[in-house]
Every structure is written in structure tokens, then in C-alpha cells.
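Those protein sequences? They're chains A and B, same order as listed.
Residue 129 in my numbering sits at position 129 of the first sequence; the count goes up by one each step and never skips.
Residue 420 in my numbering sits at position 420 of the second sequence; the count goes up by one each step and never skips.
There may be inaccurate statements among the hints.
What the hints assert, rightly or not - Below, computed lysine to any residue pairings styled on SDA-like, alpha-carbon distance capped at 20 angstroms:
id, chain 1, residue 1, chain 2, residue 2
1, B, Lys517, A, Ser77
2, B, Lys70, B, Cys91
3, B, Lys519, A, Glu63
4, B, Lys517, A, Ser85
5, B, Lys519, A, Met91
6, A, Lys95, A, Arg83
7, A, Lys95, B, Lys539
8, B, Lys142, A, Ile87
9, B, Lys519, A, Ile68
10, B, Lys517, A, Tyr111
11, B, Lys539, A, Val40
12, B, Lys519, A, Phe57
13, B, Lys566, B, Lys431
14, B, Lys142, A, Phe88
15, B, Lys539, A, Ser81
16, A, Lys117, B, Glu514
17, B, Lys519, A, Tyr111
18, A, Lys93, B, Leu364
19, B, Lys539, A, Arg83
20, B, Lys517, A, Ser32
21, A, Lys93, B, Val479
22, B, Lys539, A, Phe57
23, B, Lys321, B, Phe275
Said to hold, decoys possible - Label-pair restraints from in silico Cβ distances:
id, chain 1, residue 1, chain 2, residue 2, range
24, A, Asn140, B, Phe493, 53 to 59 angstroms
25, A, Tyr104, B, Phe483, 36 to 42 angstroms
26, A, Tyr146, B, Ser50, 20 to 26 angstroms
27, B, Glu325, A, Ser13, 48 to 54 angstroms
28, B, Met273, A, Ile99, 57 to 63 angstroms
Claimed, not checked - Covered stretches of chain A (in silico footprint by chain B; criterion: 3 or more residues with CB under 8 angstroms from a CB of chain B, positions within the stretch not fixed):
id, stretch
29, 60-70
30, 99-111
Everything labelled a hint here was simulated from the structure, so no lab data went into it.
Just so we're clear, the structure is a prediction, and the values are computed from it rather than from any experiment.
A virtual CB, placed ideally from N, CA and C, is assigned to each residue, including glycine.
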Amino acid sequence: MAEEEFTDINGNSISLDCQTRSAFCREFTVTSPKLSLRKVMVYTCFVWLFAYAVFFFTEVDHETLLIIGSLGVQLSSSCASGRESTIFIEMNKLKDIVINEAVYMHGIIYYLCILIKDPADPETVTSVVPLFQSSKPRLNCLVQVYRSCQEILAQSR
Amino acid sequence: MVLKIFFPQCCNTADSGLLVGHWIPGHNSAVVLAVIHYPFIPGQVKKYLSELQSQTQVDLTVLGSWSMPKEGKEGMDSFLKDLSTIFPQKCWLQLSREIGKRGFICQVVQNNGKLLQDREQKNGDESSEGDKIILIHYDQRKVMLSQLHPVQDVSQKSDIEPSELRLVFQTVAQSQPLFFLDKYDDGPLKLTHWQSEGREASIIAELLKQASVPVCIFLTWLLSLWHWFCSFRILHLHPVLFISSKLSTCVQSGYRAVHFKTVFSPKKAATHMEFMRKANIFVSFLLDIALGLLLISWLYRENRISKLADTLVPVADRVAKELQELLEWLMGAPAGLKMNRALDQVLGRFFLYHIHLWSSYIHLMSPFIERILWYVGLSACLGLTFALSVLSDIVALLTFHIYCFYVYGARLYCLKIYGLSSLWRLFRGKKWNVLRQRVDSCSYDLDQLFIGTLLFTILLFLLPTTALYYLVFTLLRLVVVLFQGVIHLSVDFINSFHLFAIGLRICRPYRLAEGVKFKVLCQEPGTPLHLMMEINPLKCSSVLQCYRTPTYSCYPKDSWAALCKKLFVGELIYPWKQKTDKTD
Numbered sequence: 001m002a003e004e005e006f007t008d009i010n011g012n013s014i015s016l017d018c019q020t021r022s023a024f025c026r027e028f029t030v031t032s033p034k035l036s037l038r039k040v041m042v043y044t045c046f047v048w049l050f051a052y053a054v055f056f057f058t059e060v061d062h063e064t065l066l067i068i069g070s071l072g073v074q075l076s077s078s079c080a081s082g083r084e085s086t087i088f089i090e091m092n093k094l095k096d097i098v099i100n101e102a103v104y105m106h107g108i109i110y111y112l113c114i115l116i117k118d119p120a121d122p123e124t125v126t127s128v129v130p131l132f133q134s135s136k137p138r139l140n141c142l143v144q145v146y147r148s149c150q151e152i153l154a155q156s157r
Numbered sequence: 001m002v003l004k005i006f007f008p009q010c011c012n013t014a015d016s017g018l019l020v021g022h023w024i025p026g027h028n029s030a031v032v033l034a035v036i037h038y039p040f041i042p043g044q045v046k047k048y049l050s051e052l053q054s055q056t057q058v059d060l061t062v063l064g065s066w067s068m069p070k071e072g073k074e075g076m077d078s079f080l081k082d083l084s085t086i087f088p089q090k091c092w093l094q095l096s097r098e099i100g101k102r103g104f105i106c107q108v109v110q111n112n113g114k115l116l117q118d119r120e121q122k123n124g125d126e127s128s129e130g131d132k133i134i135l136i137h138y139d140q141r142k143v144m145l146s147q148l149h150p151v152q153d154v155s156q157k158s159d160i161e162p163s164e165l166r167l168v169f170q171t172v173a174q175s176q177p178l179f180f181l182d183k184y185d186d187g188p189l190k191l192t193h194w195q196s197e198g199r200e201a202s203i204i205a206e207l208l209k210q211a212s213v214p215v216c217i218f219l220t221w222l223l224s225l226w227h228w229f230c231s232f233r234i235l236h237l238h239p240v241l242f243i244s245s246k247l248s249t250c251v252q253s254g255y256r257a258v259h260f261k262t263v264f265s266p267k268k269a270a271t272h273m274e275f276m277r278k279a280n281i282f283v284s285f286l287l288d289i290a291l292g293l294l295l296i297s298w299l300y301r302e303n304r305i306s307k308l309a310d311t312l313v314p315v316a317d318r319v320a321k322e323l324q325e326l327l328e329w330l331m332g333a334p335a336g337l338k339m340n341r342a343l344d345q346v347l348g349r350f351f352l353y354h355i356h357l358w359s360s361y362i363h364l365m366s367p368f369i370e371r372i373l374w375y376v377g378l379s380a381c382l383g384l385t386f387a388l389s390v391l392s393d394i395v396a397l398l399t400f401h402i403y404c405f406y407v408y409g410a411r412l413y414c415l416k417i418y419g420l421s422s423l424w425r426l427f428r429g430k431k432w433n434v435l436r437q438r439v440d441s442c443s444y445d446l447d448q449l450f451i452g453t454l455l456f457t458i459l460l461f462l463l464p465t466t467a468l469y470y471l472v473f474t475l476l477r478l479v480v481v482l483f484q485g486v487i488h489l490s491v492d493f494i495n496s497f498h499l500f501a502i503g504l505r506i507c508r509p510y511r512l513a514e515g516v517k518f519k520v521l522c523q524e525p526g527t528p529l530h531l532m533m534e535i536n537p538l539k540c541s542s543v544l545q546c547y548r549t550p551t552y553s554c555y556p557k558d559s560w561a562a563l564c565k566k567l568f569v570g571e572l573i574y575p576w577k578q579k580t581d582k583t584d
């Protein structure tokens, strides 16, 4: 039968449906939807899009190591959004490229790192720059990179 | 060893000629600065180079030859080989391009006749023959204008050997006179470099440069007048000195005078840091004036000054009324505590009389308030920092009675606490030994003990009343101090914010360089490795850290613990200390 606009005590809209079954029998149905599928889907989409945007702008996609004999080493990391950050280390500051072992959380990992020295004091290592920090490759990948780099470093010494 | 040649991008399409540049000592690399075209007379080239060497302090030499074949022209190769005898070098570079290829061909002839050529090895393992050559392309204008950080002075003698890249940047920057000859000059030599299309200049910049010297001299003279005025004996009397050190307007004006002395000195800035400092101060001063003028235009429109003056006296009255109600509340039974009636009445009446004096003073001043405000508002044209300092001083003057109450309450409380602690020691039979700075036991006479205990009891029972007054007025004083602190912080921020450095980083990022970036260009067989060198600009956070103008920032003198202790004991607190010197 007829449907009018009603609200409950909190102001949410409900609907009243009156049906006359017979002369002495009537049925009233009050519908108060608590959950709207459309709303849930919209919220879920928003959350996913937000998470995706966060990852898009912050997570590192590619990491590059460019080694140029007798000039230096360039490390660059780029995100999916195209943002890049680059560091160039000159050859006179570079002592060596080595693979280090480290205790990380509950395991032991290998990582490739560059040993930096002060040109005035060639024997001391002033700092260590780890490479491929976001991708964290395993030893077989690191060994390949290490061998190539050592070939080039050997030439320029 | 690898030979590195830094080649400017502007010479990629230059006609054939001689390469002029500088060999970097100790690093087996060469920087090409310009190309001298045919026809030329070798004697004139040598004369020009030696002239420039004395001007630029850079060891300029002919590095080699550059050959760019054009349609219809040929036969340069043999001519080029003969040139190496005219300009004797340790190493003679022969760079050439071929039509249709993007890469350069590079041959290096050492003076013992041995030819070093970069060519692909048939058997990949052997690399004993053919030392490698790397060609690094760079943007001459950007490299010339940029400054590598961390900044090292050229004139400063340092133990650190400058690195290769730093030497390259220094060479290009110092060779500025080389780039003054452009293609419209009628000299005997024709050069190609980044400015060969014509010198870069704008009329406005040139006019400003010409006008700046007399303006600087005039302003320096004005400043010296101001200093002479400030050095009058009468202004150095102790009370005047004391007041002027407390008023933030005087502090701010003194600070600005120092700034002006730095900016308007007619001497040109010698180093990069000096230049940045001057530019930062100048731009922040301009920003200050602009904000001040904005404030003035807002304030003087629609008669806001008179509205402000009209609300000022009622506000002061309201504050006085609130204080009166507060005191009457304290004189009753504040928060349910029972006060000592006599002391309460004395203190309350004393403070009430002060407030009465104060509001009558305000009423006396009220006809003149609008005029005073009008003139004071004009001071904002000297800068927003001035207006804020004046506001801070006005607030300090208007809440002077709160300051007085605080001082009275604190002194009373302090005396009481000292008396109590000393009498407490007497109560226990001890005494403070001033000589030894410790508490010693002491035997007192009976009458001493009797009177001491009496006084102790009296002071103890009067303590809550005094403590309550002290607490209330300290809180009020802290509110005022907080407000003044906020104003000082914003003044400080405007003073020290280096807009110029940030603007430079955003608009011309290549001028502040953190390092360089290399990109590998085309790789064709038979050509050496080509790299493109770009400037990696400084990160914004490093800009902020590097170029902070030292200021007289006010910071808390005491730590929180010391402050609480002082409050508890009743010592007068001056929470903000201003640095008088300019070091960070």
C-alpha cells in the first residue's frame, strides 16, 4: 500500500509498509536498513585507493648502481611515481665494495655495501653505505654484482 | 688509466677548430672550455691564452683539435694532425664527429708518437692496449653558476685535496672571462662556448647594478649617522641602557642596524656564503617591509585604528575589573579554603589600591590613546617585525601592574620561605653555617628557642594565604610571558627565515648543488663511453640547515626542573633569555 517518509528516534530514515490482507487482517512492515552495500563498497574502495596511492608515492621500485671506472659510483633509487634520489660517490672516496653479513631480526642476511674513506686518511673506513636496501637481494644476486664491480675496481687501481 | 674529457654541450655542433681548456693536475682528465675556429693565427691564439691565464689564474692550454665535417668541406684531417706540432702538448686530443653518427670518435696522441685509441677489442679479455677514454658532457652555464656543497673556500688553505669534480667546477667558474668574447665581437679569434650567441644580460639587472653602488654608499652614510646618534653619552646612562635592553623594539632596531651594515656595505661579496647571507638578509628585509605595508593597509582602512582605540580602554577597564573580582574572591573563602582574615585583608586592600591607581591612569590617558596608536601603527612601515615588537612592548606596559603584583607576591613568599626554613632548622636545633656552607648543630638558649618557635608557628600558619596570592599572580604572569614569547618567536622567524635560499633552490636548483648525476648516453661501437653529467640539487632540508641566519633567538634559560624549583622557592623568574651575540 502507501509508503511515507518516517524516521526513527535518532533521525535515520525508516520506511513503513501497510498491507491490508483482508477486511479484518492488516500487516505493517517497518524497514530500517542498517547496512547499505553501496556504502560499504565505497568505503572499501577508498581505503584500497588510499593504500595504493601511499605505496605509489613512497615505495621504491628500482635501485640502480652505476659504476664508472676511475670516476666513481652512482646509486639511485626510483619510485613508481617517478621520484628519484641519486647519490654519486667519487672514486677517491671509495675504499672498496664488499659483502657484509648482518644479524637482522631473527636471521642473518647478506648485504652489499660500499666502504667510504677520507682521501686524506686512506686506511680508515669513515662510513659504510649499504646498497639495494629496499630490494634486499639474496647472496647469489649479490655475488654476481660483487664480482662485476671488483673487475672494474681492479682495473682502476 | 682512464682518460676523462669533460666536453661542454654547447660545443656539440660547433664548427671545426681547436679545443681550448685545462688539464686537471693529478687526475688524468681534461676540461674543454671553448672551441677556437678557423681561420686563426697560432701566435694570436697563444697571446690570447696567456692574457686570459693572467686574468683567470687558470692554466689554459690548447688541448687538441675538433673536427666537425660539413657537406662539401673535407680534408681537415691532415691539417689537424699538423697542428699538434705547432702547439706542443704532452697529449693531443683529436675529437671528431661523423655525419649520421651520434657518438664522437676520439684519438689521443701522446708526444712520443704513440697512438691511444679507443676501439672495441676483438678478444674481450685483453684490455692492456687502448686505455679507455670517457667523454663526459656537461652544461657549461649550469656548471659555471653552481656551487658545490659543502662549500670550500678557494682562497682557504685546507689540507683536504679538492676532488676531481670540485676542480672541474672551480675551473669552469674561474674561466668566466673566457666566455666574454661572443660571435659579434670583431676580434681576431672566433670562439664557441655557452655565451657565443651573445652575452646574457638584462637591462634591468645592469641598471640595478649601476645604481646599487651609489645607493649603498648613501645608505652606509645614513647608517654611520645613526651609529653616531646612538653613541651619545646621554644614551649610555645606566637607566636608559637598562630600559632599552628590556624593550624589544630597541633590541630589534639594533639588530636590524647590524643587518643593514652587512647588506649595504659597498664591498662585493667575496665568497658564496657571504653572498648568500647578504641576499638572504636583503630578501627577508624586503619581505618584512612588504608584510608591514600590508598590515598598514589593512589597519588604516575603514578607520580601524579608532575602533581599536575605542575598544582598548574598555578592555583595560575590563581587565582591571576582573582582577578586582579575583582579589575579592581571594579575600573571601577561595575554593573553600579558610584564609587568615587579617593578612588577607591587608594584602587584598594593598593590591586593590594598585588596581585603582592603574585604572585611573588608563582613564587619564584615554583621550590620547587614539593619536598614539595612529603614530605607533605607522611604525609598521619599518617592517612587520617592528610592529610585532611594538605590540609586545605595549602588552608589557599594559600588564605592568600584573608584573608588579607578581614581584610583590614573589618577594613576600620568598621571604616567608626563607624565614620558615631557617626557623625550622632552629626548631630542630640546627643552624646554617655560612662559612662551611652546610647545616651544623647548634645549642640555643631557651628564650631564643621560645621566640623562634613562636615566629615559626606564626609564619607557618600565614603560609597558605601568601602562597595562594603568589600562585594566582604567578599564573597571571606566566600567561603574559607566554604571549610575549609567542610574539618573539614569530619576530625571530621572520628575521631568520632565508627566503632567498629556498627560492633559489626552487627556481634555480642547479645553483645549489649537492653533487652530480651521471647518465649513460648512446653506445655505438668504435666510440668511447659517453656520459651526461647533470647537477644534483641540494635537498631542501640541507638548504634549511646550511643557510640558517644566526639570530638572537630567545630560548628558555632554565630547564623545566630548574624552573619548577625556582617557582617553588619564590625566586623571580625571567624565562626567556636573549642572546646578545650572533653566534648560533
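Hint by hint, here is what the structure shows:
A threshold of 20 angstroms between alpha carbons decides the hint, and for B:Lys517 with A:Ser77 the separation of about 12 angstroms falls inside it, so the pair holds. Distance restraint check for B:Lys70 and B:Cys91: the Cα-Cα separation of roughly 26 angstroms exceeds the 20 angstroms cut-off, and the hinted pair is therefore not satisfied. Distance check on the hinted pair: B:Lys519 and A:Glu63 sit about 14 angstroms apart at the alpha-carbon level, within 20 angstroms; holds. Straight-line distance between C-alpha atoms of B:Lys517 and A:Ser85 comes to about 10 angstroms, which keeps the hinted pair within the 20 angstroms bound.
Restraint check for B:Lys519 and A:Met91: the C-alpha separation of about 17 angstroms stays at or below 20 angstroms, so the hint holds. Distance hint between A:Lys95 and A:Arg83 is unfulfilled; the C-alpha atoms sit about 29 angstroms from each other, more than 20 angstroms. A C-alpha spacing of about 26 angstroms is found between A:Lys95 and B:Lys539, which places the hinted pair above 20 angstroms, so the restraint is violated. This hinted pair checks out: B:Lys142 and A:Ile87 have alpha carbons roughly 19 angstroms apart, not beyond 20 angstroms.
Taking the CA atoms of B:Lys519 and A:Ile68, the gap is about 11 angstroms. The hint holds against a cut of 20 angstroms. Proximity of B:Lys517 to A:Tyr111 is assessed by CA-CA distance (about 24 angstroms); at most 20 angstroms being required, the pair is judged violated. Pair hint B:Lys539 plus A:Val40 does not hold up; C-alpha atoms about 42 angstroms apart against a cutoff of 20 angstroms. With a C-alpha separation of about 23 angstroms, the suggested pair B:Lys519 and A:Phe57 falls outside the 20 angstroms cut-off, and the hint is violated.
Between B:Lys566 and B:Lys431 the alpha-carbon distance is near 23 angstroms, which puts this suggested pair outside the 20 angstroms criterion. About 18 angstroms separates the Cα atoms of B:Lys142 and A:Phe88, which keeps this hinted pair within 20 angstroms; it holds. Pair hint B:Lys539 plus A:Ser81 holds up; C-alpha atoms about 18 angstroms apart against a cutoff of 20 angstroms. About 19 angstroms separates the Cα atoms of A:Lys117 and B:Glu514, which keeps this hinted pair within 20 angstroms; it holds.
Taking the CA atoms of B:Lys519 and A:Tyr111, the gap is about 25 angstroms. The hint is violated against a cut of 20 angstroms. For the hint linking A:Lys93 to B:Leu364, the alpha-carbon distance of about 75 angstroms lies beyond 20 angstroms, and the restraint is violated. The straight-line distance between the Cα atoms of B:Lys539 and A:Arg83 is roughly 13 angstroms, inside the 20 angstroms bound, and the hint therefore holds. Under the criterion of a C-alpha separation no larger than 20 angstroms, the hint pairing B:Lys517 with A:Ser32 is inconsistent with the structure, at around 64 angstroms.
Restraint check: the Cα-Cα separation between A:Lys93 and B:Val479 comes to about 55 angstroms, which exceeds 20 angstroms; the hinted pair is violated. Restraint check for B:Lys539 and A:Phe57: satisfied, since their Cα atoms lie roughly 18 angstroms apart, inside the 20 angstroms limit. A distance of roughly 55 angstroms separates the Cα atoms of B:Lys321 and B:Phe275; the hinted pair therefore is violated under the 20 angstroms criterion. For A:Asn140 and B:Phe493, the Cβ-Cβ distance of about 54 angstroms falls inside the hinted range of 53 to 59 angstroms, so the restraint holds.
Between A:Tyr104 and B:Phe483, the C-beta spacing of about 51 angstroms breaks the proposed range 36 to 42 angstroms. Taking the beta carbon of each, A:Tyr146 and B:Ser50 are about 50 angstroms apart, not inside 20 to 26 angstroms as hinted. One distance hint, 48 to 54 angstroms for the beta-carbon pair B:Glu325 and A:Ser13, holds here, with the actual separation near 51 angstroms. Between B:Met273 and A:Ile99 the Cβ separation comes to about 41 angstroms, which falls outside the hinted range of 57 to 63 angstroms.
Counting residues of the stretch 60-70 of chain A whose beta-carbon sits less than 8 angstroms from any beta-carbon of chain B gives 4, enough to reach three: the coverage restraint holds. Residues of the stretch 99-111 of chain A lying with their CB closer than 8 angstroms to a CB of chain B number 0, which falls below the three-residue condition for coverage.
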